[in-house]
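**Student:** If you read the sequences in order, they're chains D, Z, F and P.
Just so we're aligned, residue 11 is where the first sequence starts under the numbering used here, counting upward by one.
Just so we're aligned, residue 49 is where the second sequence starts under the numbering used here, counting upward by one.
Just so we're aligned, residue 36 is where the third sequence starts under the numbering used here, counting upward by one.
Just so we're aligned, residue 199 is where the fourth sequence starts under the numbering used here, counting upward by one.
Note that these hints are calculated values from the structure, not bench results.
There may be inaccurate statements among the hints.
[As the list claims (entries may be wrong)] Computed spacing ranges between beta-carbons, pair by pair:
no., chain 1, residue 1, chain 2, residue 2, range
1, D, Leu146, P, Arg391, 47 to 57 Å
2, Z, Ala196, D, Ile149, 37 to 47 Å
3, F, Glu170, Z, Tyr70, 51 to 61 Å
4, Z, Leu281, D, Gly278, 58 to 68 Å
5, D, Leu27, F, Gly109, 46 to 56 Å
6, F, Lys208, Z, Val273, 46 to 56 Å
7, Z, Ala74, P, Phe321, 53 to 63 Å
[Unchecked claim] For lysine-lysine, the following BS3-like pairs were computed, each having C-alpha atoms within a straight-line distance of at most 27 Å:
no., chain 1, residue 1, chain 2, residue 2
8, F, Lys269, P, Lys390
9, F, Lys103, F, Lys65
10, P, Lys293, D, Lys307
11, F, Lys97, F, Lys47
12, F, Lys114, Z, Lys125
13, Z, Lys125, P, Lys293
14, F, Lys114, Z, Lys287
15, P, Lys293, F, Lys96
16, F, Lys269, P, Lys293
In this text, a Cβ means the ideal position worked out from N, Cα and C, and glycines have one as well.
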Amino acid sequence: MRLERWITPAAFAAVTLAVIIMPAERSGWAFRDSVIPFLASFATTVAIFAVISLGLNVQWGYTGVFNFGIAAFFMVGAYTAAIFTKPPPAQPEFVSYVGGFGDKLDFLPFLSSDQWLPFLIGTAAAAVMCGVLAFLLSIPTLRLREDYLAIVTIGIAELLRNVSIEERGLVNSARGLTGIPRPFHDFFDPGDYRFVYFGIALGVLALVYLAVERGIRSPWGRVLRALREDELTTAASGKNVFAFKTQGFVFGAMIMGIGGSVFAYERGSVSPDTFTHFFATFIFWAMLIMGGSGNNKGAVLGAYIVWGLWIISLQLLGYDLPQFLRSRIFFIRDFILGALIIAVLLLRPQGLLPEERRVSIWLERQLKRRRRLWPWPRRREPTEAAPVD
Amino acid sequence: MTDAVSRPADLVGRAQDIRRRYGDTAVTAALWLLIVGLVLWSALNSDTRQLFVNGVVVGSVFALGAIGLTLIYGILKFGNFAHGDLMMLGAYFAFFALTGRVSERPRFDKELPWSLDSLPGAVDRLGDLTFGYGLIIAAVVAVAVMAALSIGLDRLIYRPLRRRGAGIVIFAIASLGVAIAARSLMLIIWGPEPRSYVTGIHKAQQYPFDIRLKTDQIFIFAVAVGLAVLVYLLLYRTKLGKAMRAMSDNPDLARVSGINTDQIIAWTWVIGGALVAVAGVLLAIQAQLNPQLGFVILLPLFASAILGGIGNPIGALTGALVVGIAQEVAVEYFAPGYKSGVAFVILIVILLLRPRGLLGARV
Amino acid sequence: MGVSILPVLEVKDVVAGYGEVEILHGVSIKVDEGEVVTIIGPNGAGKSTLMKAVFGLIPVKKGRITFKGRDVTGSPPEKMVRFGLSYVPQSENAFATLSIQENLEMGGFIRRDGLSERLNWAYELFPDIASRRHERAGRLSGGQRQMLALARALMLDPQVLLLDEPSASLSPKMVEAIFERVAQINRSGVAILMVEQNARHALQFSRRGYVLAMGVNRLEGAADELLESAEVGKLYLGAEP
Amino acid sequence: MAENGALLRVENLVKSFDGLRAVNNCTLEVRKGCLTGLIGPNGAGKTTLFNLITGFLKPTSGRIHFNGERIDGLPPHLTFRKGIVRTFQVPRELKSMTVLENLMLVPSDQAGERIWNPWLFGFRVSRQERQIYDKALQILEFVDLQHLRDEYASSLSSGQKKLLELARTLMCDPQLILLDEPGAGVNPALMKRLVERLELLCHELGITFFVIEHDMDLITRLCNPVIVMSNGEVIAEGSPEEIKGDERVLEAYLGGQYLAGT
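Same shape as in the complex, but just chain D (with noise of 0.2 Å):
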């Protein structure tokens, strides 16, 4: 169909047009005051949520392995980097929490906790405990139909976020952790940070996404993938089934841990109401599905798609709305994505981008060096093998 062919730009076209005219008017066409700053934060929210959305694209898009509990990974990786770059807390009476490793690494100058080195820690930190966490979860549940992860990380998502406000001394419950020492922070204006940190937050971005497509298309990658194919066929190729499923599950895991790792640095405060299975599961898997799983640029331009309408709807209570519409507008956002959602499903399950047809990079590297034209894709004819015996 000719019109399929539209979606996809016309999908990116109408949310570019509308994040970046929206504040434009309202702003009497400010671009450098408001339009630009605004921009950035708008494209460093999207460089996060991409990690996240990349995880999860590992997970299910390449494993076929379900996890409904993001929130989870998310919010332990958010934690963890922030215990611990935090100096411990000072008024204990007050604010408690555990960990507080920042001023331990104060004895030499870039280690100081607002320059990169505890940024780097703290992100590290965060993908191992959600590497830990998740493959503790796995354990129980690999072995079992898909559906029985999604309840039990529906569940640890939960018990998680309970936890977290309940135990007071653990990370300072319902009130969460303020003042998390961001990387660089004092060394720019402030009105400029938000241009460093999407730097940043674009260099993590880059980062994961080539691991993840270097991993994708490594020999490990093509196992997770015949694993999302057929278990049994992968089995009777020779492959550990439990094992790779759980190196799936674990390395989806420790992205998630890093896109919350960055997402704690970039607002300098978490607090549990962020983690509800509505805005840190749900939302992921609406970037997923409609950019479409199994492509990781679709992962990324589902988060871009998802996110601006997030921000639209922000940008229209900047109108004169009727009353009615004010008060509901983000409901009616959400309605509008579970509808997307469902509609996705029926209509193109692919999704926006669907995936690609892709053996190996180090195969197209070594052929390419080899000075053999690839034939991928176009190139059909059987190009001569190299010579055999």
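Chain D is already provided as a structure; the job is to place chains Z, F and P on it using the hints.
**Tutor:** Chains Z, F and P only, in chain D's frame:
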């Protein structure tokens, strides 16, 4: 020679066989003992007796939800993640039928000119209950609406997916979409503030053994048990119910026997929708009307259904009572926020030890 | 049995298969009133596929199926049952989680009246399952389960009964019992179309037989002729044609 | 006592499902370098036997020896490691992966299958990928599918899927290949080629085959010896000619009572 070498290995093999054959039974027996022990202990211990009774009430609300869930799981073979939200939606429909209220702007309601509470005596309390017959009629309206809505959702969403041969995960994601849509619909129409069917304080009555119970709670328990028995009778005594079980067992053979499977699926949604509505109303009486509650209740529902063995209504009832009691009694020892943790722990234990549930796989 | 002009069930040049895979490449079979017809043939000949195609469980791509002169091609199984056909699949032919009585009730699902008489009739015909009528079918032995499957299919008083390998994986004694029961059912006036692995045995109980191989008709004739025919053995063990 | 040259030996193997014995005290041997056929009526337990040998099912009792080593109860990926590969009766291709990927998946111990190796030892992964790629191309040519290498496996015809299954087994230098009805749905021209290929593999490369097949012509052309199973037991073994003349085999197929045991 070969024999001599392989004999020890054979012994090991035989031991494994025995473990395979009897281990399952032993684990089940141990779990049952544990459950019965905990239930008895919490019922007899004077510290937890009150909580035990509360748990039975909470559990009976879970039971209705879990029975609906397990019914749909048994016949359509997918976990319906919209079940909790649809329960709440049903409760709101009853609220709407009763009071005719919708939210106009935050904390400000608009009352439609027609509603059940304008009927004469509709809100007069029935005996010691907090509500009048109006709510009961409203619940019936909600049952009808939810049954129709369920069929509509099946036609619109699940049937096309079924025809396409989509996997269970696609169904689950679709049902998540439904859950979100249902939740936001409640928020759009009635706003985020918690509500209740009737206002005013309801005093609990004193019963023997130092137990305090509201009559509403007895009502909840009675309705839940009554409906569970009805569902059981439906499944085991009526032609339709037997056909539903037959289809759950072997859809092809059901068709060969002349059972119209499309019709059975439609009936399953009707019954499932009706149960959803009643469960929602009971939940709203027991707790409150709150759009957030729908998704939260999903975990205990699934825990109950899995504990009882998916596809088995009596199992779901048993499982739900156990989960309800465990959650309430845990309040004595842990902070109330850990209620969901109890359901989670039960879930994990069952998945680790006996994934088919306690009453599952009785073939 | 009198010879009728029209066959009760006629299958003409049926082409069918699973998805894109074609297994039957044009098979024709007919069953006259009150007779037992057996289809034999080597594995993979498409015998079971033919049964499923006749009963509407898989789509018929070409050809015609008529029942008492009426075109029933492509009717779903739930309709076939109403026309007066009944089918016993080869495996999983009882609802394992339902009781025996419930299995039979499901067999009579579309019956409006006379269910209890028919139940009694079935229990008389199959006394070994009658004593266990409230047990779950999953607990029955293979032979009993097969008896139950037969009884379930007979609950509607069909005119034609399709049997897919009634003797599969049963002990020799049980096979004997099943075939005797099949003969008894036939004597009550039910025409039977049967697919069998156990060719000799089945042919002894049949009036006519067909041999299928690789999805086409290869031989047909009176049962005793086929029994004597050396061709049949060759078709199975593939001597050069 | 073990006869010389027995690659696979199955002893008194039993597998029961809910009291039904699908494989009942089955004892047989597959000799090295042979194309052994396995025939029998439907429900004889042939596919169940394959599932037991490859570890997709665990036997109720009995032993399986491969190269003198006990392998019963090993999970599928470990029997694969020992050198046993199988195909499925109904082809189970990896649908939304290309034909080439279907093959490149198979070789075990690929360096790139460890998640960190692509980062640490890229060159090794790269070199190995090239080798696997070359091998996959060779095998695709061998089964005549090279023109389809970039197609999704789901778009193949059923005969081509059968060939893909065979190609998959060849990717890993197996010692024993279990083929479950390789001929079903393959057109005669392809079939002729398939027979040639199998013979070539067996005689030139010394791969042992154990083949379930219903097409007796194919069995006659291809296999020697042939083992006949009925009701979960081995009832005869011999050359195709012997089998055809064997009264018990005909009995098993045509019904009547065969003599059980001894």
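**Student:** A separate judgement is required for each hint: does it hold in the structure or not?
**Tutor:** Hints, one by one, checked against the model:
no., hint, result
1, D:Leu146 - P:Arg391: 47 to 57 Å, "52 Å, holds"
2, Z:Ala196 - D:Ile149: 37 to 47 Å, "43 Å, holds"
3, F:Glu170 - Z:Tyr70: 51 to 61 Å, "22 Å, violated"
4, Z:Leu281 - D:Gly278: 58 to 68 Å, "60 Å, holds"
5, D:Leu27 - F:Gly109: 46 to 56 Å, "52 Å, holds"
6, F:Lys208 - Z:Val273: 46 to 56 Å, "49 Å, holds"
7, Z:Ala74 - P:Phe321: 53 to 63 Å, "54 Å, holds"
8, F:Lys269 - P:Lys390, "22 Å, holds"
9, F:Lys103 - F:Lys65, "11 Å, holds"
10, P:Lys293 - D:Lys307, "22 Å, holds"
11, F:Lys97 - F:Lys47, "9 Å, holds"
12, F:Lys114 - Z:Lys125, "25 Å, holds"
13, Z:Lys125 - P:Lys293, "23 Å, holds"
14, F:Lys114 - Z:Lys287, "19 Å, holds"
15, P:Lys293 - F:Lys96, "25 Å, holds"
16, F:Lys269 - P:Lys293, "39 Å, violated"
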